[in-house]
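Visitor: These are the residues of each chain, in order.
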Amino acid sequence: ETAVFQTPNYHVTQVGNEVSFNCKQTLGHDTMYWYKQDSKKLLKIMFSYNNKQLIVNETVPRRFSPQSSDKAHLNLRIKSVEPEDSAVYLCASSLQGANTEVFFGKGTRLTVV
Amino acid sequence: TQTVSQSDAHVTVFEGDSVELRCNYSYGGSIYLSWYIQHHGHGLQFLLKYYSGNPVVQGVNGFEAEFSKSDSSFHLRKASVHWSDSAVYFCAVSATGNTGKLIFGLGTTLQVQP
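From first to last, the protein sequence lines are chains B and L. Under my numbering, the first residue of the first sequence carries the number 9, and numbering increases by one thereafter. Under my numbering, the first residue of the second sequence carries the number 1083, and numbering increases by one thereafter.
Covered stretches of chain B, as calculated for chain L (at least 3 residues, CB under 8 Å):
| # | segment |
| --- | --- |
| 1 | 37 to 49 |
| 2 | 57 to 64 |
Listed next, the in silico DSSO-like pairs over lysine-lysine satisfying Cα-Cα at most 27 Å (straight line):
| # | chain 1 | residue 1 | chain 2 | residue 2 |
| --- | --- | --- | --- | --- |
| 3 | B | K79 | L | K1131 |
| 4 | L | K1131 | B | K114 |
| 5 | L | K1131 | B | K32 |
| 6 | L | K1131 | B | K52 |
| 7 | B | K87 | B | K114 |
| 8 | B | K52 | L | K1151 |
| 9 | B | K49 | L | K1131 |
| 10 | B | K32 | B | K44 |
| 11 | B | K79 | B | K32 |
| 12 | L | K1131 | B | K48 |
| 13 | B | K79 | B | K52 |
| 14 | B | K60 | B | K32 |
| 15 | B | K60 | B | K114 |
| 16 | B | K49 | B | K114 |
| 17 | B | K49 | B | K87 |
| 18 | B | K44 | L | K1131 |
| 19 | B | K32 | B | K49 |
| 20 | B | K44 | B | K114 |
| 21 | B | K52 | B | K114 |
| 22 | B | K52 | B | K87 |
| 23 | B | K79 | B | K44 |
| 24 | B | K87 | B | K32 |
| 25 | B | K87 | B | K44 |
| 26 | B | K52 | B | K32 |
No lab work stands behind these hints: they were computed from the structure. Quick reminder that beta carbons are idealized off the backbone N, C-alpha and C, glycines included.
In isolation and in its complexed conformation, chain B is listed as follows (with noise of 0.2 Å):
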């Protein structure tokens, strides 16, 4: 049963547009990311937080950045969207750190048109 949960499911949207996807974990984790999912399925990570503080900030374009109010939340806002960055956006959350088993949302697929 999912209990990370990312809304919206699905965002169209044009380019230079500002989007914000939210996600909420309910399993009293210390631990959320985001990774982008590519439609060759290539997973990358892009953010880490670990009781609210980043620990983890892969080489992401500065359009992207995360928000955290607190260890259940995890947004991620995109300033000005580019057609690259079409795709599915997933959260996750873990016990503490990568190390324990890692539960993923169902993804926000952004189209960029």
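Knowing the structure of chain B, use the given hints to seat chain L on it.
Guide: Showing chain L alone in chain B's frame:
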């Protein structure tokens, strides 16, 4: 730098067949290895992981994986597949310690034919 290689992009078998999905890793330190499954239109789900001890680990739904340090491998196996096992399987590695990231392979799409 950690890398994960899944040599087979696609594997097709018949229901009831056994299957092995291959995973090789590269990392000089102590690591965790895991497998995740992704059904179409869904997020990933954890299958199993290995850190130390018995090199054969059991997971959910009859899956198991075997760690080999000499081969730098962590292959996933199932003795008898079901059509519902059709999905994309990802091997992943993470460094020990409170790290913030899983490094995934490119995935293997398993298609189980009736």
